[in-house]
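Taking the hints into account, I'd like the entire structure generated from these sequences.
For the protein sequence lines, the chains are A and B, in the order given.
Sequential numbering from 1 applies to the first sequence in full-length UniProt numbering.
Sequential numbering from 1 applies to the second sequence in full-length UniProt numbering.
No lab work stands behind these hints: they were computed from the structure.
It should be emphasised that the depicted structure is a prediction, and the values quoted were computed from it without experimental measurement.
Worth double-checking, as some hints may not be accurate.
[What the hints assert, rightly or not] Okay, derived cross-link-like pairs now, DSSO-like style, lysine-lysine, Cα gap no bigger than 27 Å in a straight line: (1) A:Lys73 to B:Lys69; (2) A:Lys220 to B:Lys52; (3) B:Lys114 to A:Lys187.
[To be verified] Simulated restraints, written as ranges between beta carbons of each label pair: (4) A:Leu127 to B:Leu46: 47 to 53 Å; (5) B:Asp65 to A:Asp133: 50 to 56 Å; (6) B:Leu58 to A:Ile246: 53 to 59 Å.
We put the beta carbon where it would ideally sit given N, CA and C, even for glycine.
Residues per chain, in single letters:
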Amino acid sequence: MTIAHEIIEKNGLIFAFLVIGLIVLVAEIISRKIFHSRIPGSAIAILTGLILGYMGGFLTGGEKGLADITLFKGIGFFGGAMFRDFTIVATAMGASFYLIKRSGVLGLVSLLAGIVLFFFIGVLIALAWGFRDAASICTIGAGACSYIVGPVTGAAIGASSEVIALSIGTGLVKTIAVTIFTPIAAKKIGLNGPEAAMAYGGLMGTSSGVAAGLAATDPKLVPYGAVTATFYTGLGCLLCPSAFYILLSLFF
Amino acid sequence: MNIYGIAVLAISYLLGQWMGEFLGSLIGIEANVGGVGFAMMIFMLLKEWLVKNSLMSLEMEKGIDFWNKLYIPVVIAMAASLNVKSAISSGTLAIAAGTLPVLVSFIVFPSILKTFKPKEDDHSA
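Below, the structure is given as structure tokens:
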């Protein structure tokens, strides 16, 4: 048993291939047999991933979900930023540069709309929960944009560490919400083509959420969503601690 | 050779990341601004150039396609390594502020799309 343990620990990434392969297999079977393919296998697999992530956090108290269990460390590497971004770039293989150029304005508008919308709804909710100082309100609003914008903003304007932690939690909830709700809402909101995916990526922002949500909706849309979503966090980190913070400090 | 395709992907990725970091430091924030987006555009331009000059072999395409197809498994692994527990246990405020704007976006999305979507009769190439 200890030898098996050792082999897996030494070959974490390879073991991750096996584990993810099994998850996909089981999800595919569930999709076909139980849901008659009405819910795509990839959506079930991603949801399974989230549940396993929860269980990992529950068992270890760590921050990296299942990857905090030493046996599954390779999953954290396989699902880390490097592979995520590299494979997203590879999805551009099937994308058309012409379409992306043509929808540049749509992408830009939805980016700005997305950041303003998420930030100010976050601000309203922070107010409703009784926060009254500009730094805390601004950090929570930034957290509603993404789990990176939140702490970057909080650190820049000197929010307390509790509020920064709260903003990270908010951003994580957003990522998970986008992951789960995208395939459910896609049809109703007209998310069905490259232009729509570009607008969606800009509006929602969270690269991980958009990437996972679109993967479960229609993998062909992934590159278009990703190409705008990738600018969201940077733009959010730019606007939240500067213009938005100054605006808020006029009132609080 | 497969590796040529992967190398094209790698150079696009690295250049894009570098541009993203550079843009980030230019506007004075500690974040990568659009690195993946730049990488995708560099990659698409390189790909088009290679195809036009008949330098893109089937093998190269297969090398790139491998990583393209690996994308969903990576996303599953990513989902499994998210801090889901802390997200759910960070309280009602985090859940409200994380979910409500997403739902509002679903309502706003169709009108943004309708207003700014490029016209179909723009002579699509």
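These are the hints, each one checked on the structure:
no., hint, verdict
1, A:Lys73 to B:Lys69, "holds, 22 Å"
2, A:Lys220 to B:Lys52, "holds, 23 Å"
3, B:Lys114 to A:Lys187, "holds, 15 Å"
4, A:Leu127 to B:Leu46: 47 to 53 Å, "holds, 48 Å"
5, B:Asp65 to A:Asp133: 50 to 56 Å, "holds, 52 Å"
6, B:Leu58 to A:Ile246: 53 to 59 Å, "holds, 55 Å"
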